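**Student:** Residue numbers (the numbering used here), protein chains in the order written: chain A, 1 to 272; chain B, 1 to 301; chain C, 1 to 415.
Calculated directly from the structure, the hints in this document are not laboratory data. Do not take every clue at face value.
If you want the ones that stay clear, here's a sample from chain A, every Cβ over 10 Å from chain B, calculated [claimed, not checked]:
1) PRO34
2) ILE56
3) GLN61
4) THR102
5) PHE137
6) GLY159
7) LEU184
8) ASN214
9) SER215
10) GLU216
11) PHE254
12) HIS260
In silico SDA-like cross-links for lysine to any residue, where the CA-CA straight-line distance does not exceed 20 Å [claimed, not checked]:
13) LYS104/B - ILE88/B
14) LYS9/A - ASN105/B
15) LYS104/B - LYS131/A
16) LYS56/B - ILE115/C
17) LYS68/B - ILE80/B
18) LYS8/B - LYS131/A
19) LYS131/A - THR308/C
20) LYS8/B - LEU180/A
21) LYS412/C - ARG42/B
22) LYS293/B - SER110/A
On a predicted model such as this, the values are computed, not experimentally measured, just so you know. Every residue, glycine too, gets a C-beta built ideally from N, C-alpha and C.
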Amino acid sequence: MGYILKVFKIAILSVGILIMLLPFFWMISSSFKPLSEVILIPPTWIPHNPTLGNFIYIFTQMDIFRYLFNSFIVAFISVSSILFTSVLGGYAFAKYNFPGRTVLFYTILSTLMVPFQVRVIPLYMLIFKAKLLDTYFGLALPGLADAFGIFLMRQFMMGIPDDLINAARIDGYSEPAILLRIVLPLSKPAVSTLTIFTFMWNWESFLWPLVVTNSESKYTLPIGLARFAGKYLQRIDLQMAASVVSIIPVLIVFLIFQKHFIEGITLTGMKG
Amino acid sequence: MRLKYNTKLILWAYIFLFPSLVSLGIVILYPILDAFYISFFRWNLLSFEKSFIGLKNYEGLFQDSIFKKALINTLYFSVISVPVTLFIALIIALMLNSLSTGIKNTLRTIYFIPVITSIVAVSFVWRWMFEPSYGPINHILGFLGIHGIGWLSDTKWALPAIMIVNIWRNIGFYMVIFLASLQMIPKEFLEAALIDGATSYKRFIYVVLPLLNPTVVFCLAISIIDALQIFTQVYVMTSGSGGIVPGGPLYSTTTIALYIYKIAFRDLEMGYATSVAFVLFLLIFIFTLIQIKFTERPFEY
Amino acid sequence: MRRIFAVFFISLSFILSCVNVSFSANITIVHWQHHFEPRAKVVESLIKEFTQENPGIEVKFESIPYDTFFDKLVTSLSAGTGPDVFQIPVNILYQFVNQNLVLPIPSDLMPLSEIRNTFIPWTIRMSYINGKYWGFPTDVQPFMLFVNNKLLEDAGLNPAKAPKTWKELEEMARKTTKFTGDKMVQAGLNVFGNAYHYYWTFVYQNVTKSVVDPKTLKVGYNSPEGYEAWQFLADLILKYHVDDPTFLTNQDKFALGKAALDIHEAVYKGNLDMIAPNIKYNVYIPPTKTGKPSTVGTNWVYVVSSKTKNPNVAFKWASYLTSEKAEKEWVIKTGSMPSRKTLLDDVSLQKDSNMIAIFKAIKFVRPLEDLDWDPAWEIREECFQNIVLKNIDVKKAVDLSAQKEEALYSKKFQK
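Make a model of the complete structure from these sequences and hints.
**Tutor:** This is the structure we're talking about:
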């Protein structure tokens, strides 16, 4: 009985894995095919006429490294800012008692429910009045602060024993020093989680870069890929090659740091 | 914790809070208020005039057939993709939980790969996988005797296609969260639940599920908020040539978020767009409240 | 330590992103165009020639993707960061004029009479507003029928023989549509690629009075002639199955060699030569119901922003783009049609029978009368999809579309 269940489980999981990986297989397979083979009916799984032409075309026609660079810069600005504001803000909420604390915290938390679409138009107007359209700062603006970061930091920091902090105060540490020397090192898991989440969120951001970028030199990776595909809507072979190239950097980072990724998600789930 | 209001400490608290408050103020609070203000105006960018029209934007929504379609699409999408995603994620998590660590971690990583791959790239891949004449999906379905599904070209199947992509992508994410939660439950409970016969199902419902409750509530909340705002996949998968706004055949994949984008950045009607955005906000708010009310149950560890 | 780093980097990025230094003492003209590869290349080569002939002037060119073009244009114009010279469809020029976003062509550069004598009448018709002309016509596009010679021959048809009537078109399309079982493997007519090519062409060919009346803001395609045009299109799909939405969805069937016939703007010729050089094709004026030649055409205009700091130079550049020399380049390199009357008879530009056919077709063009761009387009696209995807009765769908379009125009014109 248990054996049948086990076989059943393995079967389902195997099918699951197949389904998870199938699109990647098709993507890689198509990226090595010429267009004529991509649209062949019935489709071929292993390319009959494998070619590197698509990738060569991509690297010459698509400014991938520029897009990667742009995505990175914007994500970097955003992560720096969010870490800065969230660590400080989260600490304030977690370890200090001040008038308005509860109200302020729940107000900030409630902003998580507000969809980006509500903010996008005023932010857009702000950016173009400030002549920040098509700039890195403009791209990073909505990502400069987030309630989630404050929430995560606060939840985590609340778990740090007050005695440690009080002891440090008695020892003569200044408030900022306590944060930097004692609390922050203890908050590494949360900081690393927040970094990963913020980075990922920025990396995938689409609507904002879509409306804020004009020139190709400022495209982030998702926009660069979408624009490229828009230019070559008919060239599925090129699109697949471009997709492969877009996925690789993050995939590599993920496979190296997967422990941190998974831990981060777990942490969020626990604190949520 | 002492409730003494120490002035020096309060000052430091405010100093620490200052960066967040300023940045949140600029990036979140100000836009929300401004958007609310704008929604009472008729403001077409091309005409530059901003005329106060009170609630006319909101009234106009009732007559807007495309808005209604967007609303239905968004709800249809959320109501189906969220439970399906969470259900499958839970099942997979349960199955993985009883495996040895090595295999479990490998499988976990594999299931997580769709989550971290570029959503744009993945949407393009699925778009062409769904291509009705030569795509592998229809090819495989053909082996199973199913023919003629038009997917993204068919008003009936376009939105389901996008649902499938979303479910595929998100299963890994929620599975990891469920897995972590399951690992906190003593193993005996689960072993007993899976090995025993008929009673295991009941044990599962009355023991495991309640213990998972907070996690389920959390996952439901974020997946609903996520589903109601879906934009990128729709944009990428249903954009066509000729510059016509994406949204599928006869607006069958037009979601509220996509509609907002179209009104604001194609029709250039800023006032109307923000009113739709607030309706979306209202939707999220209501759904979150309902969901919390219905799933919050007392539990014992 | 982290904090210091963060502050440092944030400030650095802020500074970097705000720096926008221009070291030249030249006059710079910013030119925006919606992106289309062949045209972008011509603009670049024209810039080179123009700046050589006019030292001290620099032209900065931005090729903006179509789907964000209007949004970027309007927001930047209102913010004062917009281009000096840009292009818009002539159909919405009046909107820009009404909002004081553009300048009229100065009479010392080109007086009214000269404009009328130089350019093809239908390309400047909608450019005449409040007694002045506001834009130089460009991107002249008659809609033409493209036929794949080989696919026609395979079906026993003669690609050198131009179809003249709708009936002939229908027969050709039917003969070149191929199925394997019930799956289409070759489309006779590539309708679903760009449906608007078809309903615009057929409607403008068939409806004798105005399709959109600028005075009454009423449309004219919900008339018997209009219904007839729409019905013809509906029959092609629903009755004769010459195309299927599930076959090569959203792809260019003609360029892939999977469709025998296609109606396209003339500029498609340039596109085909670039992406599908192996396809041998002929170009004809699209067939009409009666056989009397007629087709629809569109054009854009180059306009000068009212916020430009150098109107004289801007106009110099704008008119350069439509000078005789420049237009010859447009024609040769992109397959766009000239807007200058004199070039219509220029034999050096009509090197093959296809070009001759296109040039001839210009004389039979009925210009597009739309009073709005994408929104009007969407309404008729919805009409088309209602008919072919939902099998809604043609008259009902067309009446609904007319109603929506008229509502759109009255909203746009209300003050």
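**Student:** Determine for every hint whether it applies to the structure shown.
**Tutor:** Hint check:
With a closest Cβ-Cβ approach of about 14 Å to chain B, PRO34/A is found to remain outside the 10 Å limit, as its non-interface label requires. The beta carbon of ILE56/A is kept farther than 10 Å from every beta carbon of chain B, the shortest such distance being approximately 19 Å. For GLN61/A, the non-interface assignment is confirmed: its Cβ lies about 16 Å from the closest Cβ of chain B, beyond the 10 Å cut-off. Against chain B, the non-interface label of THR102/A holds: every CB pair exceeds 10 Å, the least being about 13 Å.
With a closest Cβ-Cβ approach of about 12 Å to chain B, PHE137/A is found to remain outside the 10 Å limit, as its non-interface label requires. For GLY159/A, the non-interface assignment is confirmed: its Cβ lies about 13 Å from the closest Cβ of chain B, beyond the 10 Å cut-off. Against the 10 Å criterion, LEU184/A stays outside the reach of chain B, whose nearest CB is about 12 Å from its own CB. Once the 10 Å rule is applied to beta carbons, ASN214/A is consistent with being away from chain B; the minimum gap is 13 Å.
Non-interface call for SER215/A relative to chain B: holds, since the shortest CB-CB distance, roughly 17 Å, exceeds 10 Å. The Cβ of GLU216/A lies farther than 10 Å from every Cβ of chain B, with a closest approach of about 16 Å, so its non-interface assignment holds. Not every beta carbon of chain B lies more than 10 Å from that of PHE254/A, the smallest distance being close to 5 Å; the non-interface claim is violated. The Cβ of HIS260/A sits about 12 Å from the closest Cβ of chain B, beyond the 10 Å cut-off, so the non-interface label holds.
Between LYS104/B and ILE88/B the CA atoms are separated by roughly 17 Å; this keeps the pair inside 20 Å, and the hint holds. Note on LYS9/A and ASN105/B: the hinted pairing holds, with a Cα-Cα distance of about 16 Å set against a maximum of 20 Å. For the given pair, LYS104/B sits about 51 Å from LYS131/A by alpha-carbon distance, which is inconsistent with the 20 Å threshold. Restraint check for LYS56/B and ILE115/C: not satisfied, since their Cα atoms lie roughly 45 Å apart, outside the 20 Å limit.
Taken as a hint, the LYS68/B and ILE80/B pair is honoured in the structure, with Cα atoms around 18 Å apart against an allowance of 20 Å. Taking the CA atoms of LYS8/B and LYS131/A, the gap is near 41 Å; set against the 20 Å cutoff, the hint is violated. Under the criterion of a C-alpha separation no larger than 20 Å, the hint pairing LYS131/A with THR308/C is consistent with the structure, at around 17 Å. Between LYS8/B and LEU180/A, the direct Cα distance comes to roughly 18 Å. Compliance with the 20 Å bound is thereby established for this hinted pair.
At roughly 12 Å between alpha-carbon atoms, LYS412/C and ARG42/B fall within 20 Å of each other, so this suggested pair holds. With a CA separation close to 17 Å, the supplied pair LYS293/B and SER110/A stays within the 20 Å bound.
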